[in-house]
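Residues per chain, in single letters:
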Amino acid sequence: MTALLEIRGLNTYYGESHILRDVDLTVNAGEMVCLIGRNGVGKTTLLKSLIGLLRARQGSIVFNGAVLDRQAPHQRARAGLGYVPQGREIIPQLTVEENLMLGMEALPGGLARHRRIDPFVYELFPILREFLPRKGGDLSGGQQQQLAIARALLGQPQLLLLDEPTEGIQPNIVQDIESAVRRIIAETGIGVLLVEQHLHFVRQADRYYAMQRGGIVASGPTAELSQDVVNRFLSV
Amino acid sequence: MQLLFESLFNGVAIGSVLLMAALGLAIVFGLMGVINLAHGELIMLGAYTTYVVQLIFKLPAFEPVYNLYVLVAIPLAFVVSGVVGILLERTVIRRLYGNPLETLLATWGVSLILQQFVRSVPLATAAGLVLALVVGFSLPLVLPASLLEGPRARLVRAGCWATSALSGVLLAGGLASQISRIARATSRNVDVTAPRWMRGGLEWADLTLPVPRLVIIVMTIVSVLGVTLFLNRSVWGTRIRAVTQNRSMSDCLGIPTDTVDVLTFGIGSGLAGIAGVAVSLLGSVGPNVGGSYIVGCFMVVVLGGVGNLFGAVLASFAIGWLTDLIGAGRLLTLWPAMPPPLAATVQFFATTSMAQVMVFALIVLFLQFRPAGLFPQKGRMVEV
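In order, the protein sequences belong to chains A and B. If you read the first sequence in the working numbering, its first letter stands for residue 1, the second for the next number, and so on. If you read the second sequence in the working numbering, its first letter stands for residue 1001, the second for the next number, and so on.
It is worth saying that the hints were derived from the structure and are not from the lab. Zero decoy hints are in this set.
Simulated crosslink set (SDA-like; lysine to any residue; CA at most 20 Å straight-line):
| hint | chain 1 | residue 1 | chain 2 | residue 2 |
| --- | --- | --- | --- | --- |
| 1 | A | Lys-135 | B | Arg-1233 |
| 2 | B | Lys-1058 | B | Asp-1191 |
| 3 | A | Lys-135 | B | Thr-1228 |
| 4 | A | Lys-135 | B | Pro-1376 |
| 5 | A | Lys-135 | A | Glu-98 |
| 6 | A | Lys-135 | B | Leu-1229 |
| 7 | B | Lys-1058 | B | Pro-1195 |
| 8 | B | Lys-1058 | B | Thr-1125 |
| 9 | B | Lys-1058 | B | Leu-1076 |
| 10 | B | Lys-1058 | B | Pro-1122 |
| 11 | B | Lys-1058 | B | Leu-1068 |
| 12 | A | Lys-135 | B | Asn-1232 |
| 13 | A | Lys-135 | A | Leu-94 |
| 14 | A | Lys-135 | A | Tyr-122 |
| 15 | B | Lys-1058 | B | Leu-1171 |
| 16 | A | Lys-135 | A | Glu-97 |
| 17 | A | Lys-135 | B | Val-1306 |
| 18 | A | Lys-135 | B | Leu-1031 |
| 19 | B | Lys-1058 | B | Ser-1284 |
| 20 | A | Lys-135 | B | Val-1235 |
| 21 | B | Lys-1058 | B | Leu-1071 |
| 22 | A | Lys-135 | B | Leu-1231 |
| 23 | B | Lys-1058 | B | Pro-1075 |
| 24 | A | Lys-135 | A | Arg-115 |
| 25 | A | Lys-135 | B | Arg-1247 |
| 26 | A | Lys-135 | B | Phe-1310 |
| 27 | B | Lys-1058 | B | Arg-1199 |
| 28 | A | Lys-135 | B | Phe-1375 |
| 29 | A | Lys-135 | B | Ser-1234 |
| 30 | B | Lys-1058 | B | Ala-1194 |
| 31 | B | Lys-1058 | B | Ala-1183 |
| 32 | A | Lys-135 | B | Gly-1237 |
Note that the structure is predicted; figures quoted are calculated from it, not measured.
Pulled out of the complex, with its shape left as it was, chain B reads as follows (with noise of 0.2 Å):
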């Protein structure tokens, strides 16, 4: 009994790791059919997000609250891989919608960049461009209607730009300055250290349920929960599912596309950066934290049948629960007596590593029975 719920656990904990890294992807590829490679290097920068944010707490001035800074990260990470994601779709994605082949070409270039950019770019400097880039963004956003069509639209747009690098300026010194460990740059991995309530673990029934995870686990359970009711009651989210199922009726119906694509990947982008505070809060972050999760993404994703949410819960909970099924060699334990060389098999693949290629096989081989998933899209259009 006990090792089932220890084994249920494990596997619900590795599968909202999972799922929370996937339901960006979900919504991005899902949705919106981008295949999006750099996803995972959006991880990473909501990773590298909650470093910062977590030094910043160190200072001083912000000690006696240094618990909480979990909770300043999340709506942090949030907003920064938001922005880059929507940087991103303005200046490449929406060149190539309909070529799949050349998005994934350059949202692979774009991954390498992200990475490069993190190893040669001193993390003080990075978040005062990317605070440069959510001012000049949300800025004519804020500012009344009038000033921008006036007659001297040019000049406020202008003012608008100088003041969003001033702040960027001042943000990347300021930070530069009193926190020596993000003034230079660094290749090297970063640790962040959990807050003290977030240690150690939780005994319940002769099990430890370290809190971490059940962080994480909630955390996901909130996001997925925030995002179905985005998606299927506000304004919005009807918007957005009728784009990305008919783009072109939706554009005659007066929906603006272009302000649904760029919410739809941006929304997407900045999920990515809340899976990277969970990330970060499980082992050491680097450059190439996102390549250990982008493949995991993909794989949710299709296996749930793309487009659908639901389906991406399930595929995680179950590749979570078979990684651990197979990675701790449970079966070893439930059946001792096991033939010799089953058992071989077995220890060989109690790996994690090993686990993940058995999975990923699994996987392969259920996808050549069932092409579309887990839960296909059905209806009288599907074909639409």
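Isolated chain A (complex conformation) (with noise of 0.2 Å):
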């Protein structure tokens, strides 16, 4: 298998707090990698990093082929990255509708070009045909949720970056949202890179990173992911 994404030696810095101490990471395609790790340990940060939010200070990242690190972040969703951020950032006052349509302005030509949504999405989360006249801004948190990852996806994206997507939603939907992620992994055959606290959902991902304090301490398959592990590493 080749490496969707590699990273190397990746330092982050808030200002002159060191975050992100000499990561290394691979993700391939077709692969669910899981992040874990207890709360401030740099996950979040890893995913800015990897966007483009936040630029890091030494290291490269390399997703298919190409060099990320002086890419802005809309030219890094234009060569394959989605990203569905912490809190869903919903564009409160847009519908949902339009809301879904800007997640195509990461193909080529943009909007202009792409003016159909995809049906897929409305086969993985059927709510949101509903709710397409809606404000973004209006739906729930569960809701948002979905149309965050819809979003993403109607990008056509390479690699989907998740960071908690099922942090402070109702169980059902959690279920929802898991069975999505697995079902656009085997249907798309793109790769996800998710960090995440439900162990059930962590349980579903090919292979771990476990982070602490900025680094990576451990990895491997989650098959051989333990119960010491699990207890070190998960909040829960």
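Each chain sits in its own coordinate frame; assemble them with the hints.
Put into structure tokens, the structure is as follows:
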């Protein structure tokens, strides 16, 4: 298998505080990789450095054979990174339909060339079709999460970055989101890098990386995820 | 009845000038959150553009179509103010996003620079400079991308700027040699004479409606409709709304936020230019003409609710109508038997400037109770 994403020696700072320390990580195509670790160890910072919201001070990010280090977020999105941030970040005053359309900005030509929403996202999340004319900001947290995933998918990314997609969401929607993510990988063959706290969801990943104090301290197939590792790195 | 119509018409007339002037600011301040104190000077540039266009149309070659000069001035004023706005965004404002206080000070400085610029630079030279900027900005967009990325990219770029400089010099020289009035700098006010079809008034049921006022009302309606359609229906409009509401997420979705900023600011500034055309039809044009509109513009945007175009429309007509109501002492006409102290008060405020004082005081009072204006933003994620 070829590496879709390869991170080498990544170091990121918030001002003067050193957050990520020499992070190495790979994700292959069609693989689901889970990033675990307690709060504040730098998981979100890693995803933000990947999409470009934070600039890494050292290290390299190679995605699909291209070096992304100096690219702005919109260039990385166009290169095939789909980002679903923590807190969803739906554009509040735009309708659900417009929010979905914006997902297609990552495609070549952007919105101007792509006006049709792929019905695949309605299959994954039927509720979105009902709420098309509503304002994005008026949806509930779970609905916004579904919208955020659908929006990222419409850009046809090769790697989906999911930051705690089940955080603070009612259990029945957590199920929906889990099965949707599994279906996305099965049907589109893209890679997924997931930050997650729910053990049930973590277990569905192919491999895991455990983080502590800004560095990767353990990794391996999730099948080998022992109770000891779970107790050390998951807060649940 | 006639009194009501007269008052309504005057209110709409005052309000539409205000709305025209504030429309650009509603985009720049309302949507982007940039406090642009140079907005008034962008209006002033639009007014001067009208003046120059009018002089050009007085040349023998254009004399037969002189009456149409306003129609040419409108798009030109949009381009002139838009380009100056884009230059302002690229050089000053873009470095100050997120620092409202610094933006305020910097744009105030720019407004002083622009005022002095029209005093001490001949208008012909200024026109040449603007043309050079327009050509310089637009040539790289028109040329095929292969030329700009090829081995001779630097040469091509230099050639672009050389071409634009040459075209600017040619225009400046040509204008200066043909029209002596703009060959030398002057700080005196200038007058734009309305074309013949715009003079006089329409008689309608005992009322005389001055044609320039009607033209401005039509211009305002067209501009507001155009802006609304652009923002809500076009691709770039959707991008602008997305970026103004959540910049970093829009960036992550693949929207080129830099380009969106330039475009938004350019359109807002260009609308100020169109407002300048309207302003030039109402009175004489001078370097300080912008200063008399800027306060009103901010009042309209704040009163309407920042970020709400419809609110700005309603606010400007409300302000316009109130100004007429107070400024013309309508209450006294309605109720002639008013007790003397009250009548004296009404009379005291029945001048244009005192009416403005009164209106602004009322707005300040209103904002004490509704700080977010007429239409505050609603919804679950307002604070985001």
